[in-house]
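J.: Once you have looked at the hints, place chain B on chain A.
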Amino acid sequence: MTKRTRVFGLFGLVLLALLGVMAAHAALARRASGPALRERALLVRRLELTDLCLSTEANYTRHLSLADFHTAFQDHPLALEHFPSGSLLGPPPHLRRSHGQRD
Amino acid sequence: MASGIERQKNVLDFTLSSLLRRKGKNLALLAVYTLLVFLMASVMLATSAIRKEASLVLKEAPEMVVQRTVAGRQDPIPLAYLEKIRDIAGVISSDGRYWGYYYDPVVGANYTLLVPRDEMPEPGTIIIGPGIAAARLAMAGDTLEFKTQLGGILELVVDGVLARDSELVASDLVLVSASDFQAIFGPSNGLATDLVVRVANPRELSTIAEKIAARLPDTRIILREEMLRTYDAVFSWRGGILALLLFGVVLAFVIISWDKASGLSQEERREIGILKAVGWETSDVILMKFWEGAVVSVSAFLLGVVLAYIHVFFFSARLFAPVLKGWAVLYPQFRLVPFIDASQLTALFFLTVVPYAVATIIPSWRASVTDPDAVMKGL
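Sequences listed follow chains A and B, in order. Here the numbering used here is used: position 98 in the first sequence is 98, and no number is missing along the way. Here the numbering used here is used: position 293 in the second sequence is 293, and no number is missing along the way.
Chain B extracted, bound-state conformation:
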């Protein structure tokens, strides 16, 4: 047992000296390898944290949202539809939601204006999300101007700012009273933006949704389950930028592995020949190459994962921020809760470390089973 450990130590020592002889090449390889793992791990950590957070937070979302579509676009829905929905057995209640988008020309940001049914702000006052407070440098007591539908300016006093912790759900929200909402967007005239439906038994949701769709054929229904599933599919791998990123990463990884698997450099072949000539067994050579692959790939994996963790959870995944922010001015500075999916990290380990280790061993095994004299002569 002790001699086995001693043998591993000696082989590792020799491997390190061999790696250090080609220091520049191996450090460059380690840097590229780490970058590949970092990119893949960043995507994995960010998506898994967003998914988990969405599943915890959106479990309180409305059970069902009913929207009216006209010519393929969402249109305000008549409140008269409420009666047809409330008639359906199993529906506890149904109400209209009033919300809309407002473009603020002062900073060029888009807000989501919403009329809360509970704890509605007093007319003339608003409660704003932390993103708006940061973009407009506004705090409680300040006044924000909104352009009304008739072309006038409506000044609303900031009554409060939503907690900084709510950024991930409420960064761009402006909570307004129903009368101010109508002043900005025009009178509702018996219309709401959409309807929310609550049911007695969640298992009846799909049946009730079918009944609503049959009674109100110009509507579409979004269930809470579908909202949750939306965030399961967020950052789709088929999405443009991620597909390109992944394609680049996979291609780079294939090139690295192919370079290793397709054969050894003349110097490496000579080294194996000399080792064989001085009495190394084939198993020793393979062990050395295993250590070589392990030193590079495991180091790159650990470094990449740790750097990705810091990037995602300490710097709010800044690399993805320019894309998520896009042309928008208001960008939520959310801090994700570090929900790590161990199975994803394990998959990443097997995806990145194992192929490289195998790619390192195969050509070395081929070189080490041939005659040392022939290997040294480069035959």
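Chain A on its own, in the form it takes in the complex:
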């Protein structure tokens, strides 16, 4: 086996080891986050929250599940979306369904 094959083998092993470290880190982090997750769930129950706080720029991306029918037409019909987060976060499925069956 030549030096370059050994170097490549080592490179492959390092990558696989990193993948292993990643999986181990994920498992440990999940275990460690148990109490924090429970705490968050309790806060959600106590404060009767409905959404995650992913974005604070527009009401319909702050409270995604409470978005309404005129989302993206905030000011008047044909008013275009001008909040960047609105183009990343999709509308809630129940809202789309409310417009009636398609096809």
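By construction, these hints were calculated from the structure, which means they are not laboratory data. Note that the structure is a prediction, hence the values are computed from the model and not measured. Please note: incorrect hints may appear among the correct ones.
[Stated by the list, open to error] Heads up, simulated SDA-like pairs for lysine to any residue below, C-alpha to C-alpha not over 25 Å straight-line:
| no. | chain 1 | residue 1 | chain 2 | residue 2 |
| --- | --- | --- | --- | --- |
| 1 | B | Lys9 | A | Thr5 |
| 2 | B | Lys25 | A | Gly12 |
| 3 | B | Lys84 | B | Gly190 |
| 4 | B | Lys9 | B | Ala357 |
| 5 | B | Lys25 | A | Arg4 |
| 6 | B | Lys211 | A | Pro93 |
| 7 | B | Lys52 | A | Gly20 |
| 8 | B | Lys9 | A | Leu18 |
[Stated by the list, open to error] Listed next, with one range per pair, are the computed distances between beta-carbon atoms:
| no. | chain 1 | residue 1 | chain 2 | residue 2 | range |
| --- | --- | --- | --- | --- | --- |
| 9 | A | Arg38 | B | Leu319 | 22 to 32 Å |
| 10 | B | Gln149 | A | His25 | 41 to 51 Å |
| 11 | B | Thr143 | A | Val14 | 49 to 59 Å |
| 12 | B | Lys23 | A | Leu42 | 51 to 61 Å |
| 13 | B | Ile5 | A | Leu42 | 53 to 63 Å |
| 14 | B | Ser265 | A | Val14 | 22 to 32 Å |
| 15 | A | Val14 | B | Arg203 | 51 to 61 Å |
| 16 | B | Val107 | A | Ala36 | 24 to 34 Å |
Every residue gets a Cβ at the ideal spot worked out from N, C-alpha and C, and that includes glycine.
T.: Below, chain B without anything else, positioned relative to chain A:
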């Protein structure tokens, strides 16, 4: 068996030397390939972590929220509606929620003001979310000013800051007393922002929702199940920026694969011709090309996934942050819990590695089954 392994080693060795002869081109290819995997894996890891976290945390959300809509917009709901809801069989309780958005001109941030029914803060005091504490550099004992509906200034003392771990659900929250809420937004006059309903049997939720909708036709009902489903559909692939990102990634990947599949360079064809002329079998050539594809694509896949993991779970998916933050000042610095969906990673592997490997082998097979003399002459 031993000779088989030896053969693979020798072919791999030759493949590496062949790749190193075109070092610049192959390193550029590896970098672009890694970037493609990194982008796709980042989206996959972030969405799957948010979905999982939402499903764990929002399972404690209210079972049902009832909102009133007037002219297509949400409007405060009369508390008189509570009686009509409480009359329905199966409803345990129903109460009004008081919450609203407040724009803080001092830092230009939007807050969510909320009156908790349990452990309500004393009048004159507030409890703030960690995002607000960071934006206003506020801590317990500090005072924050709020503009009241009558134009005055209401000074509220910070009684506490919610735990840093709660950022993902409470970053922008200001918990206030009912009297301070009314001072800021005006008297409620028998109205609430919306209503929450608790039921005895969760299986009756949709029946009860139908009854409420029939009794109160100017309302809309959002079930907990729908809240959870909302986060299943978060980061929709049809969304503008993600669609563009995905389109760019797929196009780049198609170009790379097409370049490989559409044919070999003159140099590569000559190399195959020489190998055939010196006695390599077609299977050896295909094996070499398989190794070539595998070395590039598997390395790019592993590198891309590891970098995406670091990006999403150590740097809070900073690449997406500017979009999520948008024009807002207050941006939750949440650390996602690394819930990895193995099936998604497997799908990503088959989506990115297999097409490239196949695209590498096909033209090489075509070149290797033709006459070596013709291949070397470039016919």
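J.: Against each hint, give a clear statement of whether it holds in the structure.
T.: Hint check results:
In summary, the hint linking B/Lys9 to A/Thr5 is supported, as the alpha carbons are separated by about 8 Å, within the 25 Å threshold. Of the pairs offered as hints, the one joining B/Lys25 and A/Gly12 holds, with about 20 Å between alpha carbons and a cut-off of 25 Å not exceeded. Distance restraint check for B/Lys84 and B/Gly190: the Cα-Cα separation of roughly 15 Å lies within the 25 Å cut-off, and the hinted pair is therefore satisfied. With a C-alpha separation of about 19 Å, the suggested pair B/Lys9 and B/Ala357 falls inside the 25 Å cut-off, and the hint holds.
At roughly 18 Å between alpha-carbon atoms, B/Lys25 and A/Arg4 fall within 25 Å of each other, so this suggested pair holds. Between the alpha carbons of B/Lys211 and A/Pro93 the distance comes to roughly 22 Å, so the proposed pair stays at or under 25 Å and holds. Between B/Lys52 and A/Gly20 the CA atoms are separated by roughly 22 Å; this keeps the pair inside 25 Å, and the hint holds. Of the pairs offered as hints, the one joining B/Lys9 and A/Leu18 holds, with about 24 Å between alpha carbons and a cut-off of 25 Å not exceeded.
Taking 22 to 32 Å as the suggested C-beta distance range, the pair A/Arg38 and B/Leu319 conforms, at roughly 30 Å. One distance hint, 41 to 51 Å for the beta-carbon pair B/Gln149 and A/His25, holds here, with the actual separation near 50 Å. Range check, B/Thr143 to A/Val14: about 54 Å between beta-carbon atoms, so the 49 to 59 Å window is met. A C-beta distance of roughly 56 Å is found between B/Lys23 and A/Leu42, which places it inside the suggested range of 51 to 61 Å.
In this structure the hint that B/Ile5 and A/Leu42 lie 53 to 63 Å apart at CB holds, the actual value being about 56 Å. Take B/Ser265 and A/Val14: their Cβ atoms lie about 31 Å apart, and the range 22 to 32 Å holds. For the hinted restraint 51 to 61 Å between A/Val14 and B/Arg203, the CB-CB distance of approximately 53 Å keeps it satisfied. Taken as a hint, the range 24 to 34 Å holds for the pair B/Val107 and A/Ala36, whose Cβ atoms sit roughly 27 Å apart.
No hint from the list above goes unmet by this structure.
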